Amino acid sequence: MISSLLSEDLPRSRIVAFTLILLLMAMLAAPVAIGGLTIMSVFVKIAIFVVLVGSFDLLLGYTGMISFAHTMYFGIGAYGTGIALKSMGASWEAIAIGFLAGAFLSFVIAVAVGLFSMRTKTIFFAMITLAVANAFAVLVNQFYTITGGHDGLIFQIPRVLKPAFVIIPRDVFGVPINGTTLSYYAILLICGLLFLLMLRIVNSPFGRVLQAIRENELRAEALGFNVLRHRVVVSCIAAVLACVAGALNALWLRFVGPEVTLDLQVMLDVLLIVVIGGMGTLYGAIIGAGVFVFAETYLQGAIAYIAPMIAEVPVVSVVIHPDRWVFWLGILFVVSVYYFPEGIVGRLRNRAAELANIKK
Amino acid sequence: MNKQGTSETVISIGSTTSLLKRDWLPIVIVIAAALIALVFVGSPSIWLTLTLAGLAMGMMVFIVASGLTLVFGLMDVLNFGHGAFVTVGAYLAYAVLTMMTGLTVADNLVLNVLALIAVVIVAAVGAGFLGWIFERIIVRRVYGDHLKQILITMGGMIVIEQVVMMIWGSQEQLIQLPTSLRGAFVMGDAVVEKYRLLVVVFGSVLFLAMYFSLSHTRIGLLIRAGVEDAEMIQALGYRIRRLFVGLFVVGSGLAGFGGVMWVFYRGTLTADIGGELMILAFIVIIMGGLGSITGCFISAILVSVVANYVAFLVPEMAMTSTIILLVAVISWRPRGLFPLTKR
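Top to bottom, those sequences are chains A and B.
Under this note's numbering, the very last position in the first sequence is 360; numbers go up by exactly one each time.
Under this note's numbering, the very last position in the second sequence is 703; numbers go up by exactly one each time.
Calculated directly from the structure, the hints in this document are not laboratory data.
Predicted model only: the values in this text are computed from it and were never measured.
For every residue, glycine included, the Cβ atom is placed at its ideal position computed from N, Cα and C.
Just so you know, not all the hints are guaranteed correct.
[To be verified] Here are the in silico distance ranges between beta carbons for each label pair:
{"#": "1", "chain 1": "B", "residue 1": "Leu557", "chain 2": "A", "residue 2": "Phe206", "range": "53 to 63 Å"}
{"#": "2", "chain 1": "A", "residue 1": "Asn226", "chain 2": "B", "residue 2": "Leu596", "range": "32 to 42 Å"}
{"#": "3", "chain 1": "A", "residue 1": "Glu259", "chain 2": "B", "residue 2": "Leu557", "range": "53 to 63 Å"}
[Claimed, not checked] Some chain B residues flagged as far from chain A (calculated, every beta-carbon gap over 12 Å):
{"#": "4", "residue": "Val473"}
{"#": "5", "residue": "Leu568"}
{"#": "6", "residue": "Val605"}
Using the sequences provided together with the hints, build the complete structure.
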């Protein structure tokens with residue numbers, strides 16, 4: 001049953017499987033066992049990043065194309081939902097209309113960009129998506145009356161999803177079970193289903209063709225597959241999935257702004273997670289997102305804690321500084337592309353396969 | 361698509377024999393765009409100011425993009441980190457300028473221009489040297505793999521930008537032009553900024569120099585031949601690798617040069633200053649045709665001038681207009697305005 005849920009694409013490494021189960025259990029238990037908004041926010045961020053990064057991996061790891069517009073679709077989902085909730089009030093219809101409008105826009109842009117850039121030369125896709133994402137970010141900033149510009153938008157969500165909606169009062173479990181808990185589980189459920197859907201996609205005949213295109217474009221073409229059409233279709237799927245992730249992110253934060261959606265920094269985070277986790281393995285998205293979000297939350301705190309102690313040391317104090325977080329990410333990124341291109345999951349899978357061979 | 365037309369342009373750009381055979385259409389389009397804009401803008405003096413600003417912007421984009429397009433055309437290496445050299449050039453300019461205030465504060469055109477040239481040389485050499493290291497450490501290992509190239513050069517750019525922040529701080533810095541280059545003079549009722557004029561002169565001189573060294577020198581011949589068919593050049597016994605490293609260093613140096621021009625134009629500098637120019641540079645490379653200096657020049661001017669007119673007429677549409685322009689040009693000539701390669 002589990003095997004068919006996972007589309008018969010199992011983790012294929014005991015360590016990966018164990019970590020995944022641990023993470024899943026922790027996610028499910030956290031609101032009741034630990035409680036508090038911090039830990040829930042960490043897990044929600046992981047779940048949303050799994051969808052965002054996984055859908056990006058459909059492009060990068062499975063089809064071999066780099067899009068720099070992925071966070072734009074993430075942003076479109078977030079802004080669509082946010083703007084609708086702001087202008088129509090906190091209702092379910094607003095969420096539905098905002099999200100659907102966002103998804104439609106993402107779809108249209110993905111088709112247009114895909115058809116246009118891949119008709120000429122595949123490598124142009126990276127450059128053109130970068131330009132389009134930039135143009136979109138500029139537009140969002142310029143239409144600040146609608147989007148809130150640099151400051152972003154704060155909006156209300158339906159009452160059922162808010163902390164004021166108490167389901168089980170604090171004195172039963174020691175932690176309150178309220179609307180926030182509800183939206184936590186709802187987001188987890190949606191992200192989990194989307195992850196299974198992505199597994200389904202990459203293990204379908206369509207997904208196999210994508211991998212064939214990645215390995216050898218000419219041969220795939222020669223076998224009679226329409227390479228252009230497959231590329232455009234997968235970029236549309238990825239765009240809409242990113243759009244869903246964006247809408248969920250907006251609902252959880254009750255805020256949408258350029259820094260959490262459209263900034264190049266978010267795109268770099270996504271790239272780093274894909275590379276660390278392992279390109280071309282969807283499980284890598286989970287492991288990578290887990291490692292990244294935990295590191296971001298706790299390691300960054302640790303650096304901020306250490307920083308004052310070493311403030312006297314000349315060079316070290318500049319390098320180990322809370323503001324230099326991105327520097328370390330960059331180093332980590334370059335090093336992992338060189339020495340670790342298969343990522344954590346790829347490495348563990350290879351090791352498991354070797355061990356199995358030795359046993360034989 | 362239009363095979364006939366493009367093969368014709370290959371011949372006409374490849375050889376410098378006949379001026380009549382050359383493809384004048386893209387240049388006509390630039391002029392037509394400027395004239396149409398004149399009708400919409402209305403006032404000739406505003407139009408002149410806009411055109412000059414657009415030209416200056418175009419020159420800066422050209423300076424940055426020219427190295428990139430040659431590197432890409434010759435070795436099929438796409439450097440997404442090119443913007444880092446722009447940033448480094450800009451910061452080197454800032455550092456040098458604060459060191460020689462004596463030359464820049466004096467209200468003497470000769471001294472000021474000398475100071476500016478010194479700044480440009482330091483920035484270009486510094487960025488070129490960094491480019492040499494970048495090629496050795498970062499780019500060399502990922503030849504032939506576009507995916508990794510994009511990832512790794514992007515990562516390299518982040519690291520360089522962060523190191524720049526460590527050295528010069530992450531807050532915005534102000535930078536001022538040498539005294540006599542500031543300000544503008546008035547022609548009729550049009551305001552012509554001196555510095556913009558200077559940038560246009562610099563850019564045009566660079567274009568002519570590159571054009572003639574590509575068409576009249578032996579190295580230029582090898583580069584052009586390499587862009588068209590690198591394997592053949594190697595088979596004939598030339599070390600294309602050395603040529604390529606040289607080109608990469610020159611390209612990085614040019615990016616540093618562009619960075620100097622750009623930072624004086626903006627007046628402020630931050631570590632992500634290179635990124636803004638890079639997006640335009642990418643568009644220009646695609647639009648101009650890979651490895652084509654002429655295409656790069658013409659499309660840089662076209663993009664910047666049109667963006668400037670649109671920014672005046674409908675401010676919200678400036679960046680979008682650039683993308684629409686790209687779509688239009690590529691639909692017309694799928695391999696760019698002046699395609700050189702068959703790839």
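Taking the hints in turn, this is what the structure says about them:
Taking 53 to 63 Å as the suggested C-beta distance range, the pair Leu557/B and Phe206/A conforms, at roughly 57 Å. Distance hint check: the CB atoms of Asn226/A and Leu596/B are about 39 Å apart, consistent with the given range 32 to 42 Å. A beta carbon spacing of about 39 Å between Glu259/A and Leu557/B contradicts the range 53 to 63 Å that was offered as a hint. At roughly 34 Å, the least C-beta separation between Val473/B and chain A is larger than 12 Å, which holds for a residue marked as non-interface.
Against chain A, the non-interface label of Leu568/B holds: every CB pair exceeds 12 Å, the least being about 27 Å. Chain A leaves Val605/B outside its interface by the beta-carbon criterion, the shortest separation being 20 Å against a cut-off of 12 Å.
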